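S.K.: Just need the whole structure built from these sequences, with the hints factored in.
So the sequence lines, in the order shown, correspond to chains B and L. Count the first sequence with our numbering and you get residues 1 to 321, in order. Count the second sequence with our numbering and you get residues 1 to 321, in order.
I should point out that these hints are in silico values taken from the structure, not numbers from a laboratory. Please note that the accuracy of each hint is not assured.
Partner residues are not named here, just some residues of chain B that face chain L (Cβ under 8 Å, in silico) [said to hold, decoys possible]:
id	residue
1	Thr2
2	Pro26
3	Cys42
4	Gly47
5	Ile274
Just the calculated beta-carbon pair ranges, DEER-fashion [said to hold, decoys possible]:
id	chain 1	residue 1	chain 2	residue 2	range
6	B	Ala259	L	Leu314	45 to 51 Å
7	L	Glu7	B	Ala215	54 to 60 Å
8	B	Ala109	L	Gly15	35 to 41 Å
9	B	Asp98	L	Arg119	53 to 59 Å
10	L	Pro310	B	Ser123	41 to 47 Å
No experiment lies behind these values; they were computed from the predicted model shown. Every residue, glycine too, gets a C-beta built ideally from N, C-alpha and C.
Chain residues, written in single-letter form:
2 protein chains.
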Amino acid sequence: MTIEMIEAAAGRLAGHLRPTPLLRSPFLDEIAGRPVFVKPECLQHTGSFKFRGAWSALSALPPGTAGVIAYSSGNHAQGVALAAKMLGLAAVIVMPSDAPALKIANTRAFGAEVVLYDRHAESREEIGDAIAAARGLVLVKPYDDPQVIAGQGTIGLEIAAEAAALGLTGAEVLVPCGGGGMTAGIATALAARAPELRVRPCEPEGFDDTARSLAAGTRLGNAPEARSICDAIVTPMPGVLTFPILKSLCGPGLAVSDAEALAAMRHAMLRLKITPEPGGAVALAAALFRGEALGDGPVIAVVSGGNADPETLLAALSTAG
Amino acid sequence: MTIEMIEAAAGRLAGHLRPTPLLRSPFLDEIAGRPVFVKPECLQHTGSFKFRGAWSALSALPPGTAGVIAYSSGNHAQGVALAAKMLGLAAVIVMPSDAPALKIANTRAFGAEVVLYDRHAESREEIGDAIAAARGLVLVKPYDDPQVIAGQGTIGLEIAAEAAALGLTGAEVLVPCGGGGMTAGIATALAARAPELRVRPCEPEGFDDTARSLAAGTRLGNAPEARSICDAIVTPMPGVLTFPILKSLCGPGLAVSDAEALAAMRHAMLRLKITPEPGGAVALAAALFRGEALGDGPVIAVVSGGNADPETLLAALSTAG
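M.R.: What follows is the structure, given as structure tokens:
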């Protein structure tokens with residue numbers, strides 16, 4: 001991954017992104033005991049940063065590409081669906097037939113053809129490969145794809161510019177981390193454009209594979225019995241492409257509990273007037289509740305997505321945290 | 001009110017405002033049956049547009065002014081408090097002693113001195129006048145002040161520029177309306193910079209004094225027994241300064257029910273990932289549910305504030321609308 005690839009992705013994204021300027025509240029600063037700035041990517045098209053990587057990848061495809069295919073029941077699906085629609089490409093999303101009806105409906109609403117499969121009896125890869133071969137579609141992976149990482153890295157370019165405008169030096173940049181595409185992209189951009197800002201991956205407890213992998217120096221997975229409400233980032237282990245970047249550029253990882261993620265959602269709703277989803281709130285949770293693991297300066301926390309269902313928002317509002 | 005005053009206010013606000021670029025969701029477009037763009041002023045400093053007018057008024061005070069005083073238990077109080085703090089002015093906010101503890105705490109957190117009074121036994125005007133005289137403070141009214149109207153009008157300058165960038169012509173601009181300061185400011189700005197956009201004031205049922213006043217051609221009040229959850233805009237009648245502007249520039253007013261305001265809050269939380277307060281959601285509610293009273297084109301709805309308490313957000317999420 002190079003800064004030039006990220007700059008090129010930013011060029012292709014120009015005019016197609018929703019601006020997500022930093023937010024701040026004195027009430028959050030008080031909880032954290034330090035200035036807390038929030039990058040609200042929940043306000044991005046489709047409600048998450050995933051639109052950036054999807055557009056970056058799809059807009060880099062050779063002319064004449066028939067369309068794309070992706071496996072996802074979540075934010076990547078919606079990002080690929082909308083980017084494909086805006087670029088005039090066909091999009092097929094392979095989703096388990098027991099995925100939430102709302103997510104299936106959302107993916108269709110963003111213009112994609114949804115192919116359902118029985119995840120107990122069928123292989124999504126076999127189904128996807130057959131469709132891709134028959135229709136000449138290109139697979140778009142959620143994080144282990146250089147153009148996807150470059151697209152997510154455009155968040156880092158914006159953070160570098162916004163931090164410079166605010167005179168923020170020495171800040172830690174807290175990033176929700178699943179497979180590591182966004183974290184790797186932001187870390188690459190900041191290493192080139194704002195090397196005094198240090199990226200820290202943030203994960204749910206039980207899915208802290210990145211934190212443990214960074215500590216061990218090698219890719220480790222999570223226990224199979226682990227569970228978390230942070231569905232957007234409960235990935236099995238760091239990516240093949242992303243982990244070497246994280247290892248080279250990031251500070252130690254942080255992990256937060258589901259209760260802390262819900263409490264961070266509540267504070268974001270009441271103080272910043274945004275609605276994160278649980279996985280999107282883990283970096284803000286770390287900023288608010290894990291200060292002992294942070295340096296002395298300000299933090300910039302990315303709120304990566306907001307595609308929570310009403311029940312989850314109700315649960316967050318009902319927390320006492 | 002002149003466009004030059006609004007442009008001057010925009011100049012004084014430059015570098016001190018949080019950007020609030022327009023949001024949109026295909027799901028809201030589907031409900032409304034037309035493109036719906038949302039200006040999310042709930043993301044503004046202090047959680048409402050009121051910061052604009054407060055800064056505009058305070059930054060126009062003559063050098064040497066000791067400080068300001070305001071009566072408000074709501075968004076104007078917080079806007080004045082923060083603007084005064086940022087400008088290095090003393091601020092006294094006169095609030096009823098039975099105001100919600102959270103609002104008192106918030107106003108103090110933004111740096112103001114809060115003076116409580118017993119609203120059953122004391123006159124806030126007498127208390128305020130005595131403090132103002134003793135300490136040389138200037139009263140800042142919530143809407144019937146030219147510099148406040150000019151500050152709110154900067155929203156109109158932004159909408160004009162954003163609509164032009166989107167190629168939106170013929171849109172109706174729906175604005176939550178209490179005393180009419182924001183509506184008058186936006187209407188003045190658009191009349192000068194985007195005269196093809198028509199402003200429509202939006203109010204809660206029972207507090208549709210502006211709609212009825214526009215229909216009658218003269219200022220009318222509301223029935224004393226009227227009640228609404230839209231606390232930010234339950235003002236008694238249009239302002240002395242604001243009404244002539246509304247009468248000259250605005251289309252007919254629209255009124256929505258509390259249930260529609262709550263449903264609009266729910267859709268905003270789930271689809272736009274923002275949390276409006278009830279009064280801040282009435283224009284979006286009109287866009288979504290009162291299409292029969294609108295023209296054929298797209299609408300731009302201002303979400304004017306987001307200072308709802310958790311119980312109100314819970315009520316909104318629990319609606320079926």
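S.K.: Each of the hints needs a verdict: does it hold here or not?
M.R.: Taking the hints in turn, this is what the structure says about them:
no.: 1; hint: Thr2; in the structure: 29 Å, violated
no.: 2; hint: Pro26; in the structure: 6 Å, holds
no.: 3; hint: Cys42; in the structure: 4 Å, holds
no.: 4; hint: Gly47; in the structure: 6 Å, holds
no.: 5; hint: Ile274; in the structure: 6 Å, holds
no.: 6; hint: B:Ala259 to L:Leu314: 45 to 51 Å; in the structure: 18 Å, violated
no.: 7; hint: L:Glu7 to B:Ala215: 54 to 60 Å; in the structure: 56 Å, holds
no.: 8; hint: B:Ala109 to L:Gly15: 35 to 41 Å; in the structure: 39 Å, holds
no.: 9; hint: B:Asp98 to L:Arg119: 53 to 59 Å; in the structure: 57 Å, holds
no.: 10; hint: L:Pro310 to B:Ser123: 41 to 47 Å; in the structure: 45 Å, holds
Consistency note: the structure conflicts with the earlier hints numbered 1 and 6.
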